[in-house]
Structures are given as structure tokens and as C-alpha cells.
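Between the sequences and the hints, there should be enough to build the whole structure, so can you do that?
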Amino acid sequence: MTELKIENTTYKINEIPNTENKEILEFLIYLSELHSICRELFLYLIQENKKVKTTIGFVGSLVDRISNSLMSIILLASKGFTTDVAILLVNLIELRTDLKYISKYPNKIDEWFNHKKRFTKPWKFSQQIKEITTDEEELETEKNIYEFCSIAKHGNPVGYDIGFDFGLKDDGIFVALDKDFRLTDYLNWTYLYTLDAIKSSLVIVEKYQIVSQNTTNKLDKVSAKIGGLYGKLISKRIRKYVYEMNPELMEIDKKLEVLKREQKKLKLKLKKLKSKSRNSKR
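Here the numbering used here is used: the first residue of the sequence shown is 177, the next is one more, and so on.
A few of these clues could be false.
Cross-link-like lysine to any residue pairs, in silico, SDA-like; alpha carbons within 25 Å at most [to be verified]:
#1 K293 x F234
#2 K280 x E318
#3 K306 x L368
#4 K443 x E433
#5 K397 x S208
#6 K198 x L446
#7 K300 x E287
#8 K375 x W299
#9 K401 x T231
#10 K293 x D311
#11 K297 x K255
#12 K397 x M247
#13 K300 x L238
#14 K292 x P282
#15 K255 x K300
#16 K329 x I305
#17 K375 x G403
#18 K280 x E323
#19 K280 x K255
#20 K383 x W288
#21 K394 x L204
#22 K300 x S208
#23 K300 x L201
#24 K329 x S254
#25 K383 x K443
#26 K255 x E202
#27 K397 x L201
Hints were generated in silico from the structure; no laboratory data involved.
Here is the structure:
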């Protein structure tokens with residue numbers, strides 16, 4: 177029998193470069209802040225679990241899973257894997273829904289603990305959504321987002337509007353080079369569902385006189401940053417759509433921008449002249 181000898185070889189994994197989209201990168205910075213809040217809350221709940229039996233640990237385990245899903249989304253988004261972000265977002269939505277459901281019906285924790293089938297939950301997702309939403313409009317929004325993200329896993333592989341690399345146009349298939357427009361939506365939904373999950377977990381643990389005011393304050397600060405950024409991105413997208421429908425408006429806006437710059441220069445000149453005039457009088 178011949179003995180095979182393997183020489184020392186260095187195996188390398190090709191590193192995929194990060195996206196160069198500054199808006200996406202800014203989004204990811206804020207989501208990283210949200211992830212830090214998640215981790216802090218998780219550690220806090222584990223510490224408190226020593227005092228309050230298993231309930232806090234149960235919530236902590238869900239917060240831990242949300243934290244891991246969030247970090248995975250951040251890493252995938254940084255590399256431009258739009259549809260993979262959507263697939264993970266489905267998991268994040270389900271985890272948030274579990275926490276919100278339990279925050280509304282605390283006895284569901286025991287029901288889950290006592291559920292014999294470890295590979296299934298004792299309730300259906302559709303049932304949970306109906307019970308945690310306040311009206312038909314909110315229910316419809318929840319369903320639409322969940323179904324839209326689910327399409328990334330099960331839908332048509334040429335679904336450009338979902339974030340795939342290919343799309344259909346004029347009965348032909350085209351390669352989509354820019355999927356960032358959809359990625360910003362997924363990242364915003366990631367933020368909203370993570371935020372709701374954290375708030376729901378706080379509602380549960382507050383029943384045990386466990387309050388983390390520091391967490392709430394940090395959430396407010398991150399929310400202000402992400403809300404402002406997403407608002408700007410939506411405005412930019414609307415402007416792009418308007419220009420596509422009315423190309424002449426782009427030229428008009430360009431001329432207006434030139435006029436604004438000229439006006440700004442004139443104001444600076446006037447300011448300097450006034451300053452010189454005052455100095456000469458002295």
C-alpha cells in the first residue's frame with residue numbers, strides 16, 4: 177500500500193470586497209450600534225436570570241438569536257448579498273413575532289416549554305400575526321412584508337424587484353447591476369423588526385421588575401439616526417423616479433442648483449464688501 181504524503185499547503189478563502197455604497201455602509205454602522213444594544217441586553221438578561229428562574233433566560237435566548245441574525249444580515253449586506261439578507265430577515269421577523277406574542281400573552285412561555293415537538297412551535301405564524309396586530313391595515317402590512325421577503329427564498333429566480341441578479345424585461349432576461357435600492361428596504365425592515373423585538377423583550381421582563389432604562393435611551397438615539405437616513409434615501413429614490421418620468425425636470429433642477437451656488441457666492445462677496453466698508457470707516 178502506497179502512503180500518500182501531502183505537502184504543507186496554504187488554503188485561502190477569497191475575500192469578497194465590501195460594498196462601496198456610502199449609504200449602505202452608513203446604514204450598517206447604525207445597525208452595528210443596534211447589535212451592540214442587543215448584546216448588552218442579552219448579557220443583562222442572563223445576569224438577571226439568576227434571580228428569576230427560567231423566564232428571563234427564555235427571553236434572553238430569543239434575544240441572542242435575534243442578535244446573531246442581525247449580525248449575519250450586517251455581514252451579508254456589507255458584501256452585497258441582497259436576497260440572502262431577505263431570507264435571514266424572514267427568520268428575524270418570526271423571532272420578533274414570538275417575542276411580541278409572548279409579551280402580550282406571558283402564559284405562552286409555559287405552553288412553549290411544555291410543547292413536546294421540539295421541531296415545531298405550538299402555534300402558527302398566521303395566528304400570531306393576527307393576535308399581535310391592532311387593525312386590518314397593520315395586519316396587511318405585516319403579511320405583505322413577510323410574504324415579500326419569503327419570495328426571496330421560494331420565488332421566481334428572475335425577480336429583479338426582490339433583489340435577484342436577473343430580471344425580466346420585454347420577454348427577455350437582463351442582468352441587474354444595481355440592487356442597492358432593494359437592500360435599503362431590507363435593512364430598514366431589519367432595523368424596525370429588531371427594534372420591536374427588543375421593546376417586546378423589555379415589556380416581558382418588566383413584569384419581573386427588571387428595567388433597563390439605558391437600553392431605551394440608546395434605542396431612541398439609534399432610531400433617530402436610521403429614521404433620518406432612510407428618509408433621505410426615500411426622497412432620493414422618489415426624485416430619481418420623477419426624473420425618469422420627466423427628464424426635462426433634471427435639467428431644470430441642475431440650472432436651479434447652479435443659480436443657488438451663484439447666489440451663495442454673491443452673498444459671500446457682499447458680506448466681504450460690507451466688512452471692508454466697516455473697517456475703512458474705523
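Task: Hints violated by the structure (listed by number, smallest first) - done: Failing hints, ascending: 6, 9, 10, 11, 15, 19, 22, 23 and 25.
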